[in-house]
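Q: If you want the building blocks of each chain, they are given just below.
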Amino acid sequence: VSGAGAWRDLADLQQRIGVTIAGLRAAAHTQAREGCSERDAVHREDKLVLYRYRERAPRLDLPPLLIVYALVNRPTMMDLQPDRSLIRRLLELGLDVYLIDWGYPDGADRFVDLNDYINGYIDRCVRHIVQARAVPAVNLLGVCQGGTFSLCYTALHPEHVRNLVTMVTPVDFHTPDNLLSRWVRDLDVDALVEAYGVVPGELLNAAYVSLMPFRLLQQKYLHLLDAAGDQAALENFVRMEQWIFDSPDQAGEAFRQFARDFFQENRLVRGGLAIGGLPVELRRIRQPILNVFGTSDHLVPPSASRPLAKLTGCRDYTELELDVGHIGMYVSGRTQRELPRALHDWLAQR
Amino acid sequence: MSTDSGENPTAWLQAMQKSQSDWMRQWTQWAAPFMPPLAPGGGATAGSTAGGAGAATPMGAGGAAAGLTQQVLSQVEQSLGVSRAMWDLLGRSAALADTGQRLASFNDGVQQLQAQLGRFFAPLAAPAAPGVASAAAGAGAMMPGMPQFGPQMFNPLAFGLPFAGLPGVGPAREQQEAMERLASLAQRVMQAQAQLATQWGQLLQNALRDLGGALTPKLQSGTLPGSLREVYDQWVATAEKIHAGAAGGSVFAQAQSELANALSQLRIAQRDWLEEWGRAFDLPTRAELNSLHQQVRALKEAVQKLGDKV
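Listed in order, the protein sequences are those of chains A and B.
So the number in our numbering is just where the residue sits in the first sequence, counting from 1, plus 1.
So the number in our numbering is just where the residue sits in the second sequence, counting from 1, plus 171.
It should be emphasised that the hints constitute simulated quantities derived from the structure, not laboratory data.
Just so you know, not all the hints are guaranteed correct.
Partner residues are not named here, just some residues of chain A that face chain B (Cβ under 7 Å, in silico) [to be verified]:
(1) I18
(2) L94
(3) L180
(4) A192
(5) L193
(6) E195
(7) F215
(8) K311
(9) G314
(10) C315
(11) Y318
(12) E320
Below 25 Å or equal to it, Euclidean Cα-Cα: the simulated DSS-like pairs (lysine-lysine) are [as the list claims (entries may be wrong)]:
(13) A:K48 / B:K389
(14) B:K476 / A:K48
(15) B:K389 / B:K412
(16) A:K221 / B:K471
Don't be surprised by glycine CBs; every beta carbon is placed ideally from N, CA and C.
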């Protein structure tokens, strides 16, 4: 370790910084668009929009697939760019894909609760599709928190769900490696919701990056210097950053219920969960279930997803583990290759 | 996406900002010895002067572009702080001929760095004694029984503490109690910050200890890391491991939650205080808006039920 070596490092570092800044300037036009695949708004309610994607291959004779995304991020990741789009791959395989876009809640939504989301918005979207497509039920694909909602919905309205796919979905919120859940447990959620009314997305982002602060607040940006001169990589980085920090605010009442009933009291596992006064009993779910999770997921660790296997009344339960993290599940090359085909095959067999 | 995050530039917030800038200043002071020296004239580092790398950027030499490069470099250097210190220590220790001396020098150095970190966090971990600023600088009472108008009305430490422990009396009893509550909550926030800073200080010292432990065998065998980058990546891996262990523990989690809870309570009390002023001027308040939202919600539900019947 010589001083001269250190100075060479420094000179190299400066060079890389200059090149990276120039690349980032050139990437300034990059936008994480709301999606790259063509789609039509088929139903609107308050801030919610239900989209149906246009076919990219002859549609198969399968129930429509409704994607229920989380409230805490935008669904952009499902259809980020042509070579990173789960939705596009599914369309190319002949599936009829719908997506709920929850929009951005504001101060007027502070009293919107889980009953509104699950027995209201999701139910009306499902009913719209059932009527429009003249089918008895839909296939449901719930992503992350949207997966938890989908489990609740299926337990409460089983007649409208043919098959259920849960992706990176937390079920048991009290597993030892779930750091986010550990932090929420001592939180005075009532005070937080009273203080903010609508819980800022920035607050949630701060919590997420704090889970791995050295990696997510420093190292990630230093490693960006490795991409100096690789314009495509810089543009991907900018697009990902835009998505990661594009976090809608959370309707206060729904946030309160979710944090208390799921994170703090783990009612999905322990029992006692009710949405809109109706008891949610996972044992009522008899539909085939495909449970997809990432083995390197630090936000929803596999241990939080796996317990689903023993909690439902389903006799056709399948797990699909992929060696990816939470975000990798949406955009990694491996996921793009394996997941759409696996989803298609599983649905086609049922 | 919040549109509700704006706060008035009050004295209280300015005090909070000052606290943050104090933190940054202390951090910068601590990290300064590990940064490359500034070249005469400031701005450019010795490395950029010697290597001319700044001028070699595609953005051209000098001006705003070079300034931005230097700013980013400065950020990078702050991020590298601990790793650079460890890198320099490795270099100094490796230069010693005797293996025993090498290890002793390295271990001493690691302990000194730990102590330095401890000194950095010590003032942050000790809640500052609340300064009692003058409450008499206001622009005069707006009306009998109301607190004086001015920035100090938002500074609970200045306004509430002088009355602490006294029973509320007189026409301004409610205001006095509100300010006492604000002062109490502000102190709770500072104590919570101090508790969390203690946890962070311990966490970083432990990470430094473990990084030293991981590098010791390499120093013994002479297979030193080939670059600062390697040391940095190892530092991050070590620190994340220590963080995961500590952050999942009840002491850290409770300290962090206590800070969030105290800030929530303070924010509620601040809003209540502002709403008192809103009412005084017949301005709409959050409580009033919430009531209206609930009424609209009830009306929507009633319309929905009627629609379902029809």
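Q: Evaluate each hint against the coordinates.
A: Right, here's what the structure says about each hint:
For the restraint placing I18 (chain A) at the interface with chain B, the shortest Cβ-Cβ distance is roughly 5 Å, inside the 7 Å limit, so the hint holds. Of the supplied interface hints, the one on L94 (chain A) is violated, with its beta-carbon coming no nearer than about 34 Å to a beta-carbon of chain B, more than 7 Å. Hint status for L180 (chain A) relative to chain B: holds, with the closest Cβ pair at about 5 Å, below 7 Å. Because the closest C-beta pair between A192 (chain A) and chain B is about 4 Å apart, less than 7 Å, the hint holds.
The beta carbon of L193 (chain A) comes within 5 Å of a beta carbon in chain B, closer than 7 Å, and the hint placing it at the interface holds. Checking E195 (chain A) against chain B: minimum C-beta separation of about 6 Å stays under 7 Å; hint holds. The beta carbon of F215 (chain A) comes within 5 Å of a beta carbon in chain B, closer than 7 Å, and the hint placing it at the interface holds. Residue-level restraint check for K311 (chain A) is violated (minimum Cβ-Cβ distance to chain B is 25 Å; threshold 7 Å).
Given the 7 Å rule on beta carbons, the hint for G314 (chain A) is violated: about 30 Å separates it from the nearest Cβ of chain B. About 31 Å separates the beta-carbon of C315 (chain A) from the nearest beta-carbon of chain B, more than 7 Å, and the hint is not met. With its C-beta approaching chain B no nearer than about 30 Å, Y318 (chain A) sits outside the 7 Å limit, and its interface hint is violated. Taking 7 Å as the C-beta contact cut-off toward chain B, the hint placing E320 (chain A) at the interface is violated, the least distance being around 25 Å.
With a C-alpha separation of about 58 Å, the suggested pairing of K48 (chain A) with K389 (chain B) is violated against the 25 Å cut-off. The straight-line distance between the Cα atoms of K476 (chain B) and K48 (chain A) is roughly 21 Å, inside the 25 Å bound, and the hint therefore holds. Our distance criterion of 25 Å between C-alpha atoms is met by K389 (chain B) and K412 (chain B), whose separation comes to about 20 Å. With a C-alpha separation of about 47 Å, the suggested pair K221 (chain A) and K471 (chain B) falls outside the 25 Å cut-off, and the hint is violated.
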